[in-house]
Amino acid sequence: MAISGIADLRRVLPLLAAVLLAACAPVIPPREAPAVPPRGPADEIPLFLNVSARAGIDAQHAATWNQFGEEGEDAPFDTGYMAMGQAWGDFDNDGWPDLYVTGNQAPNALFRNRGDGTFERSVFNDQTALTAAESGGAMWVDFDNDGWKDLYVLVHGPNVLFRNLEGRGFADVAAAAGVDNPGKGEGAAWADFDRDGLLDLYVVNWSCWPDCDPIDPVLAQDALFRNRGDGTFEPVSHLLVPELLRGAGFAASFLDFDGDGDSDLYVVNDRMQNPVGNVLWRNDGPGCGGWCWTDASRDTNSFLLIHGMGLAVGDYDNDLDLDMYFSDMVNPMILLANEEGQTFANRSRTAGVGVGPSPATGWGTAFLDYNNDGWQDLYLATTEFRQETAELGPEGMFLAWPDTLFRNEGDGTFTDVTPTAWIDEPWPALGFAHADFDRDGWTDYVVGEWRRGYALYRNQAVEGRGHRWLKVRLEGRGSVNRDAVGARVLIETDGDLRMMQEVKIGSSLGSGNDTALHFGFGPFRVPEAITVQWPDGTVQRFEDDLPLNAEVLIRHGDAPVDITPATGAAALDPFADVTAAVGLDARHEGFWDMFNPDFASGYLGVGQAWGDFDNDGWLDLFFTGNIADNVLFRNDGGVFSRSALTADVAMPGELTGGAVFADYDNDGWSDLYVIAQGPNRLFRNREGTGFEDVTATAGVGDTGKGSGAAWGDFDGDALLDLYVANWSCYPECKEVDHELAADRLYRNRGDGTFEDVSHLLVHAKRLGAGFAATFLDFDNDGDSDIYVVNDELHNPIGNVLWRNDGPGCSGWCWDDASEETGANVRLAGMGIAAGDLDNDQDLDLYFSNMVNAMALLENRGGEFVSRARLAGVAVGPSPAVGWGTAFLDIDNDGWLDLHLATTKFVQETAAAGPEGMHDPYPDILFHNEGNGRFIEVTPTSWERNGRPTMGSAYADYDLDGFVDIVATRWNEGLQLYRNTGLWGGDNRSLTVRLEGDGLRVSRDAAGARVYLTRDDGQVLMREVKLGSSLGAGNDAAVRFGLGQSRITDLEIVWPDGSRQSVTPPESPFLVVAYERQ
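Per the working numbering, residue 17 is the first one in the sequence shown, and the count goes up by one each step.
Quick caveat, the hints were computed from the structure, so don't treat them as lab data. Only a predicted model underlies this, so the values are computations on that prediction, with no experimental measurement involved. Beta carbons: idealized from backbone N, C-alpha and C, even for Gly. Warning: the hint list may mix true and false statements.
Restraint-style ranges between C-beta atoms, simulated for each label pair [said to hold, decoys possible]:
| id | residue 1 | residue 2 | range |
| --- | --- | --- | --- |
| 1 | Cys308 | Thr248 | 17 to 25 Å |
| 2 | Phe540 | Gly573 | 27 to 35 Å |
| 3 | Asn109 | Ala575 | 17 to 25 Å |
| 4 | Arg137 | Phe558 | 36 to 44 Å |
Given only the sequences and the hints, what does the whole structure look like? Please build it.
See the structure below:
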């Protein structure tokens, strides 16, 4: 089997290394830089991103609770309702979890999930709004087993049961069913406690204070209802001890704590009123005048007298029994570890989840595996209890306070990983409910904010990228309730990890989490067996062909049904594939069979270039097809069409590669240079009316196997000069042909012709198998140097840094500064990225490699240190073959991130030899953390749909302020990825396009620098470049991410050395023309 995943990779990597090291020398590391202290978390990519606005979640919450005069000293406190409700459930059976939220005094809202990452108000919204009631908790439940989710809503007053009319609407049947309990409902829990296949109901009421004083036992009491199966319920609260039903209840959950197969019940009570403490009701089966329930609270050490609010139930320690966590006010929260179903032990302190004593008032809470590592993490919603002094008394308990996120470390402890953004901008959260609303395999959630509304947070898979998962949805039939509440799923993995989850409806605080069971496996584990223990006692076990990264449906008595792999939501993808939508359809066709003994000819040519050839303000796109014809696309406001000028530049019958737009003649119109195997082509732009092939006249028709080109004004005469990188002449020539293999340097004479000045460079250092080159001022002396990336596969001379030493040396002085600067890296080099990754105002370098590690060179005052490993961007050893690469600020935070285009190197065994190097593989995206380190944030859609990507180029093609990426897929075509703004959507940016005068500065202003100072003190520098990456022409405009900062200073340093200060604009786009100083 070829390498197909991480598990295979671990077995095969030693074989890969053995073969490749023989052909490709490892990277020669320059001086290794010391580690950089971690940056503060202020610039983190959010673990969870608030997508409420773009997803269409706009429900409001209004309520009153003036116990401490927080609503005004003169306002009375004779009523109040501390309640919120949020419930996930697929009410229309389309496979997507919908959302219902309660407004308390505001109308409730029913949101239908469109399946594209957005929601719409359901046509049944008004039926369920309950505008005349004060609503609290809510949960979806199929109480009548008809296959349609019904809705139970807790109310300050009679509760409501909406029966789902098979997707055609809802009818309130609470009174007829007998479950219109009149108390101050906070939450409810559903389960089949008597195992008759029907879901029974427990209602939690929070006292009736301050509306009644003394306490009214009828209104204050919790209630237990038994489902008769005819649409009605029998009140059976008498089976429980009445005094223990009158606590100020906030939450309850059915759970099989002792593993005996039936549903027990745990209730969390607030000691503020009628302090009875928390109660654990053990289900002891039939008898006792109907059914036997025993208060097992003290026997099991689960009795606690606290300000209990929310309740989480889950197996956090993976010992196959259910543990509990519940919130408190000011005092520490409580974690009860289940010890083999016999008793509970308080592990709050040792586990690190106590939180208090603190101002935090804990409310809704839940276990969830947010990073898919196989261990249940913990979320706690909070508000602030504020009291300055004991004499003054409390000021309030619903003020904003950061929610807390705990990561389960798998050793019985948790780590507080609360994002800094939550601490900086907290909210008053009461409610919490989780679901994978976009079905991408990562658990999302909705949070209810007191007297504000509801916020939807999408899990961005920042932590645990690449972790595997499986979502199991159960469906009961016959003797098992349709929701399969009480059923357990046990998953055994290929390691020593076993995981168990139980289906529940109702817990947290007024919440209904999605009833699907979500299991993470980390990067390496796979499921070996799935066992389902149904509430009727039957057991099913599955061991063969178990899926990963998918949703599975298991119906009672049947084999698993694979519903679908991760669906995801295109609208919430950070980079959405819009290729077809915007009209791009070019084809790439190439041939490279180097692992075939008969390999005699081939060309690794790819090219993609951005440029505004018609000067209409929109960036057009040129794409080379290698064997297929080239295509020129005209951008018309973000939509593309094949230009009528395509025929001028199609080059049929020729093998084409890289491409770059450049105004070589300074006439204000972007010309086009195309690399080829054979004569390269220079097309002069005839003022937007066509392109003229002027190659022969200009004298730049280099005949080598061209891979890339770069333009820069190395001699400061305001004319763009040209460097061409040629990739050897293999396999067509067995020995190095000095004419075909050599790179070329051309000097622009200014009369439409160029002088070949390659002799100014050391001939032997031009004979490497060059893939990419870029002009850059690495030593900050004001002139353009050149860096060339060479492939070790043929004539292994290593990468070369040509330092520009100015006039002399029979024309111009170039010095090979590779070794003295630490830039002499030897690797199977492909692409190059140049940019100021650490914001220290000099240019750093990153280049790709094959199978072995990529290389990152940090510029430190004109000398380079190797930092790929420390920075987290080495990638290899792996099957990844790195090609095009670029620095770009994907989230507009002011730090340059990194994109790497990849294909897959395939080899079964060392003896068999490699099979190929162009198989599909996910491109890789790294986020710059601003502390010298990067984290991988490759979008899930890229991982799921890996392609054989070689070339890439970036531009903001739709002028929305976010940088987009076009990629060339080997033997497929191009793909355009639009940056949706999912990351950094609120961040600001500035795009600066420079225009030289053509006399002292080239029209494209190549080599100019822009320095931007933000009001947070950060200084950003960008340099104008034409050509880098691999056969790519990125947009020549320079882009700055501003975050939430403002610009305090903006200065241009032109290639002639003059400086020009510019007033910071209000607009995100700025064109600056050269002004002689």
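Hints, one by one, checked against the model:
Restraint check, cysteine 308 to threonine 248: a C-beta distance of roughly 23 Å satisfies the suggested window 17 to 25 Å. Distance hint check: the CB atoms of phenylalanine 540 and glycine 573 are about 33 Å apart, consistent with the given range 27 to 35 Å. The hinted range of 17 to 25 Å is satisfied by asparagine 109 and alanine 575, whose Cβ atoms lie roughly 21 Å apart. Roughly 40 Å separates the CB atoms of arginine 137 and phenylalanine 558, a value that falls within the hinted 36 to 44 Å.
In summary, the structure agrees with every hint in the numbered list given earlier.
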